[in-house]
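> Given next are the chains, with one letter for each unit.
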Amino acid sequence: MTELAQALVGGLLIGGLYVAISIGFSLSFGVLDVVDLAVGMWVVLGAFAAIVVSDKLGIDAFLLLPVIFVVFGAVGWLIAPLIYRVRTSKYALPALMGLAFTFGLATLIRGGLLTAFGYNPRTVHTDFFTGNVELLGITAPAIRVAGFAFAVVATGLFLAFLFYTRTGLAIRATAQSKENAGLMGIDVKRISSLVYAIYTGLTAMAGALLGAIYAMTPEVGLRYTLFAFFVVVLAGLGSAVGVMAAGLFLGVLQSLVTTYVGANYTLLVVFGVLFIALLLFPQGISRRGLA
Amino acid sequence: MSRPASGGNPYLNLGVLVLVVAALSLLPMMTTPYYIRIATGIAMWAGIALSWNVICGYAGYISFGHVAFFGIGAYTTAILMQPQHDWNFWATLPVAAVIAGAVAALVGWPALRLKGAYFAIATWALAEAVRELTTILKFTGGSGGLTTPIRNDDNFFFYTMLAAAAIAFAVCYVLLERSRFGFRVKAVRDNEIAARAQGINTTLIKIEAFVLSAIIPAVLGGINAYWITFINPQSVLNTIITDQLVVMVLVGGLGHAWGPALGATALFLLQEQLRVSYGETTAYIIIVGALVMAVVLFLPDGLVSLARRARRMRLVRQLIGRTRQEATP
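Residue numbers (numbering that gives the first Met the number 0), protein chains in the order written: chain D, 0 to 290; chain L, 0 to 328.
Heads up, a few of these hints could be off.
[To be verified] Simulated pairs of lysine-lysine, DSBU-like, Cα-Cα distance not exceeding 30 Å:
1) L/LYS114 - D/LYS188
2) D/LYS89 - L/LYS137
3) D/LYS89 - D/LYS188
[What the hints assert, rightly or not] Here are some, though not all, of the chain D residues that point toward chain L, as calculated from beta-carbon distances under 8 Å:
4) GLY111
5) TYR259
6) ASN263
Derived from the structure by calculation, the hints contain no laboratory data. Ideal Cβ placement from N, Cα and C applies to all residues, glycine included.
Let the hints inform the model, and build the full structure from the sequences given.
Below, the structure written as structure tokens:
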């Protein structure tokens, strides 16, 4: 019984980080109309950035989180216009080309990381949040609790920004209808860049935290891409509450599979659930616009 | 996008195919085994790129999991050729095709009803799941892989691969450019709602296209397993295979009959040259990724479009007209 409770709590804590990743991913899909297949690579890049800088400069990785947000936000800001350009190009099949473009981006990042760091797994080291937290007879690693707390704060701030600021309103309008948003005087291209920048920054920060919990190699990027996509499929695109529920569910699912079946089977189970979800809700999951 | 056929003349295209194959089949008499092996590799990649073009270029659905079918074919052949089963090599290929086709139908059935992004990631997940499965399962040899009986005959593999690629080309060409099936596939790609209004079962058409595009890499994968005599998840289920496919077709020309073969030749020679000069390097992955992005940004219709610039400009103008019409709801 404790084992089950342990697994459930551990899973929920990890799930928080999946929510933080997926919420930006979902919104950037809504605004840019392109699924960013590089999402997992932003996770890994964030983790590796934290590893390299904290090793080189001796600064604790956790103090670097704001820097990571700013740097990766800037990178995202620079890349977004390219995606926008592909998506709105006059060539045939722009949607397909958009996917190919982000796929190329993911491949480029993966190759770069492999060339720079090789295949060896690395972890983010931190001197904060070591040891365990105990509550009601359940122990959880402090780092996971910290990751969850971060995810709650980051997701909360992000949603507050979306729902209580004028820019947030513009973003939601763009996600609902680009043309009408443009007619209302919203600069759709600028909004797209902004959303993509926030999303890459947020994802890289979450990646640095995930890197402190799980070992990272350039190869695991794909895994996080699938996770983010899994969450969005289950949630229905654009549903913030759905993303939270699905992200936590994914964390619990992963934790249960790892505890009772074996970590090797995680992707197989995730794929199985994804398959069934696609089969059962072919229409319901393609809802769009942040509601 | 919907070019009828290059040149529009079926006899010309199939004639060119016959000429190319005839010229290539003389190759073993002229060159060294090294170049024979290069040519075998080109034939294999051209065939796989061609199969990817079926689902992506013609049906308009991007698949990031084609390596799964290649791997399924390779493993089917390798498993059936193990001493305890001891199948004849030729008998394993249809089995590989059937299994890959069945998997494609099973995955395509839910995923092809949806928008392209779902299909793209579902297939990507499929490739990962297949790789994970082969690593876990006993009869696939785990991460250690499998060996097949050794047949040290470069010419045999060259001719087999060339024949397989040529047949795949001919079948795809006839089916997609010269039959009602091809018109249906392209109709679904260009305007799914209108196609459905014409009474086309769009999901079925897409599944059929996907099955066709899965069978080819499975057969080539089977031949490849026998050729390289040792397979493991790292070699025949490596993500780089999909990466390479994407870039080959995009560089060559998406949705064009000859594009994939052209792209496959160019890319394979580039990869081989890199391997000779610098050894196996992960920098190759960077090049592949950068090439995909560059082609999408600057040359979305691939190399074939360079020679047909004037024609393309006309098509682009038509497409602008079409997208404008679509844009106004």
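> Identify every previously stated hint that the structure contradicts and give their numbers, smallest first.
2, 5
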